[in-house]
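**Q** Sequence order for the protein chains is S and Y.
As numbered in my numbering, residues 2 to 313 make up the first sequence, in order.
As numbered in my numbering, residues 34 to 372 make up the second sequence, in order.
Where hints are given, some of them may not hold.
Only pairs whose alpha carbons sit at most 30 Å apart, straight line, appear in this in silico DSSO-like list of lysine-lysine [unchecked claim]:
id, chain 1, residue 1, chain 2, residue 2
1, Y, K138, Y, K177
2, Y, K325, S, K156
3, Y, K177, Y, K159
4, Y, K59, Y, K72
5, S, K156, S, K56
6, S, K180, Y, K325
Hint data in this document are derived by calculation from the structure and do not stem from the laboratory.
This structure is a prediction, so every number in the text was calculated from the model and none was measured.
Now for the letters of each chain:
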Amino acid sequence: MKAVDGITYSVEEGETVAIVGESGCGKSVSALSVLRLIPDPPGKIVGGSIRFMGKELLSMSDDEIREIRGNHIGMVFQEPMTSLNPVLTIGRQLTETVEHHIGLEHEKAMDRARELLRLVGISDADRRLEQYPHHLSGGMRQRVMIAMALACEPKLIIADEPTTALDVTIQAQILELMKELTQRLGVALVIITHNLGVVARYANRVNVMYAGKIIERGTAAEIYHNPRHPYTLGLLRSVPRLDQPRGSRLIPIDGQPPDLTQLDGGCAFRPRCTFAVDRCAREIPPLEDVGEGHLTACWEQETVGKFMSKAS
Amino acid sequence: MSALESETADTETGLGDTLLQVKSLKKYFPITEGIFVKKAVANVKAVDGVSFDIRRGETLGLVGESGCGKSTTGRCILQLDPVTEGQIIFDGVDLATVDRNALNKVRERVQVIFQDPFSSLNPRMKVGDIIAEPMHVHGLEPDKGKREARVAELLSVCGLNPRMADRYPHEMSGGQRQRVGIARALSMRPELIVCDEAVSALDVSIQAQVINLLEDLREQFNLTYLFIAHDLSVVRHLCHRVAVMYLGKIVELADSDELFDNPMHPYTQALLSAVPVPDPTVEAGREHRVVKGEVPSPIDPPSGCVFHPRCSLATDSCSVDTPVLRELKPGHWVACSEV
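One chain only, chain Y, in its complex shape (with noise of 0.2 Å):
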């Protein structure tokens, strides 16, 4: 342990320069009503003033549960939903000033892992011409040639054998499938990936070769990734940083050992208890504090803060004042006013 301890150690130091920063990054969606003049009557904060940043070579992880708006952040800063409000600024270059030409530049940089290895491949392509469009469109590779040839090299960086190349999709397993769609996002030879929940299909046996396989992308490429989970064990295994959000806010931001260690939001503190450990004896020692209620709605979410309707710790005050994320410990940002 010790030895993976110091390994973890070396590759802290060795973390760059900040390659993304999101910047009170807000996602609304209206409503509308009426069929032929459609009028927008409310608006789902599915982000809300989100900000945090990655620096280069480092995994950051953004977890909470079911409509959190994790994934409509991933969205965003791969320039798939237009930003309502907010900056995404990837390597010092702000997306939204930038032209379409530029734009696409930036989108060789940055590509995206998501979650379900069936739907994201086309059926009706072969493996190889998957792994091969992206370079083709973005002309990186026009030798027919040399691009099936950097198809094979990618398959087996992937661990697949190179000659299912030849193969459709339908005829693999899906950790199979998830290399395909890890080794087409490789193809632009990318700075940052974000995934999606990207091992959240596969069954346990899957998952952990694959999560491996991230892993050792991440170290020979010098890969930043933006993790975007809901499986807590997966991140604190993968992330170097964690940021938990809730209703569109992130409510807690911190290294992953001092925040899966030490967490001080009433929310991180529930969502950790809620998650089972695979060992009889430690369950058995752990306290299981169950949050009441559910998550409310995105369209009309509580006034003051977002989560003060289910918190234990919640006074008066927090239905009232939102409360800012704080810097309570170097590195450590909560977004709660009672700790």
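Isolated chain S (complex conformation) (with noise of 0.2 Å):
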């Protein structure tokens, strides 16, 4: 089974940049991949190159991909509850990570720790130190997370569907918090969600994926004023928004997403697509530059557009 199949991206110093797709369509293999983070066996990486800070990734040895995890490289998952460990406090959890890789002493570290907690907006660092992870709320664990993953100064933060998991006004704590530390910092964010109000708030450039592939591309206006990819276009004509009246009805994208295991050798996306032709089922469109570092991968993208000036 091909989970990401082909994806081109780049992050630049201190931007952020979303991948969107909804659940199964590789979005978060394809950053577990950027840390070398996916168990081989089962899954490989068969080809590719990652490239970080001009540093081949796949090649490192075990020892050297570990130096750039934590180290340059920060990661922060959905559910904080399973990625931190539940029988070590939080200020172990913060100063093991800085003791490792920058070889603070412990009295160093444990000043690094208190300065994180405050940075993430955690009060009373010195109880908090002392507490384990089920002491603190969910909002709370992702803030810890959040500290763990700045604790060596990275370079580039992967978030994946950081704020899922929390109350929406604890969501909106978290990703002003992250918008704010990494505008502080200089720090790259990825950030991978299925949430498209959640990108158009936070997000400079946009990648969208469907079954594996990165179908288009773009910077946020572009992307949402003038998709390109009928895929695109059909999640932001079905997602109910708050500014819109009761009552106006949303246009679903008909069918379900592929099985990953069946795809042939056209278009993932053509059985539910509304502007298919005969040349979606024998050829895979390639992602191809429409003008304005908006990319897109659609045979039909002119029909598109044309469907979409005459909308507005």
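Reassemble the complex: the two chains are provided individually, in unrelated frames, and hints are given to aid placement.
**A** Given below as structure tokens:
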């Protein structure tokens, strides 16, 4: 099964890039691959290149990649309860990272841990350092995860659905915190999410994934106002909006996402697509430039473009 | 858009009499200590004095964050949890006063759709049997052949192929399973359906399909929904009126468009500001007010107004006096002394 099939994207320093898509489209796998966190077997990265600050990650030894993880690239996962160690105190989990990667002594590491908790807005740091993950609320745990990701002043943070498990007011707190910290510290952020609203609020550039491939890429404004792929268009028309009055009808995408083991030699979105033509069954459309850094993988992108300008 | 609005207006005027009344509903869960002799040491005030009514044909949204008591309210209405205090009056009948037989009759008329279609369908039963079981239990369709015909009809009403009756839940996708849950609820020809996070677990493209299905079914069968959800965008889309809950209490209740365009309670305002709109241009022009702190424990809720520790408008009196729901505009109720 090809969970991720030939995707290419880049993140510049200090930039926020979003990867959006629905369950099973490969967005998390693509991010885990960057840190080589896919268990092998069964997973295998069979080809491609992942370059970070000019260095190739795929050819690194296990020791070298461990140096990159945590030290230069931080990671924030969806469920902080399962990604924090339940039998270690918050203090130990924070100091472990800095002691290992920067080689700080324990006292200095504790100072750094206190500083990190303050940075992510946790007051009463001394008491919190003594506590275990189950003492904390979901939002608080996610703040600790962010503190850990920031511990070694990384250049890049990969956040995989960082707020999906949280309530909306806590989600807003965490996202504002991440935005503020990444801007202030100049950290690049890759945010993986299914929430189109979160992307619109926080991302500079957007990659839309479907069935293991990036099918559209561009600035947030281009993707939302001028989508050229029928799937992106379909997503935008099927999501209910807070600023639209009651009763406006949603236009869902018919059918279901494909079984990734059953893909043929055509466009994977073809069976659900209202723009599909014969060519879509024969050839997989490549991701091609349609101007202003906007790329799309659709044979009928011009028709979609005309449809959009007519609709507006 | 104008055509859609006039269509909405028609259904507004088509709303009927009051179908469900909830009066000062309270639901406390005791916290016990001791192994052999259990002693209640405190109460979790999950629902603390909630009142609202739903008219026939209406969709009432009940929104709030985890632990605000919205699902417990739904479970009390369904008689799945005994009520601590207050009344639930369905079609003129106080459910606390009726006997078991009469209650079973009411249960036929009030159905539920749960969030997780995985855990609410028995994995060892075929889809057809899952949908037929309530009819069998309540003796609605004693004839097996007629029951199978009804199952086929319900499946196609819910947008599924009637042949799917022979499948097991694990052979279906999340969206299809949720349609089975809806077909099962419809099998009793209910009047009121409690939708508890009914579309929350679904992906965007599938969620839109199920939302449209719920809308169509409401019109086709003149259903009434109590729509419990945390996703405010979905609630605005589906509901005629919306009640916002915080820590076991209703803090604001109004017509859907009125509530979303003109929120008055500071908590509602914070909640709406926190929800991102899928449009970068709109987002760039919006004010993002982040409410500080977290929801306090319902075991020991704050004195006075339960929202006052997180509220930007709070004054000294807010920690003393409990605000009551006041009608500040026709149909717009707010529990805040500072607006």
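**Q** Does each hint fit the structure? Answer for all of them.
**A** Do the hints match the structure? See the list:
Distance hint between K138 (chain Y) and K177 (chain Y) is fulfilled; the C-alpha atoms sit about 22 Å from each other, no more than 30 Å. Taking the CA atoms of K325 (chain Y) and K156 (chain S), the gap is about 29 Å. The hint holds against a cut of 30 Å. With a CA separation close to 15 Å, the supplied pair K177 (chain Y) and K159 (chain Y) stays within the 30 Å bound. Of the supplied pair hints, the one linking K59 (chain Y) and K72 (chain Y) holds, its CA atoms being roughly 21 Å apart against a limit of 30 Å.
At most 30 Å may separate the alpha-carbon atoms for a hinted pair to count; K156 (chain S) and K56 (chain S) meet this at roughly 14 Å. The straight-line distance between the Cα atoms of K180 (chain S) and K325 (chain Y) is roughly 17 Å, inside the 30 Å bound, and the hint therefore holds.
In this structure, every one of the numbered hints holds.
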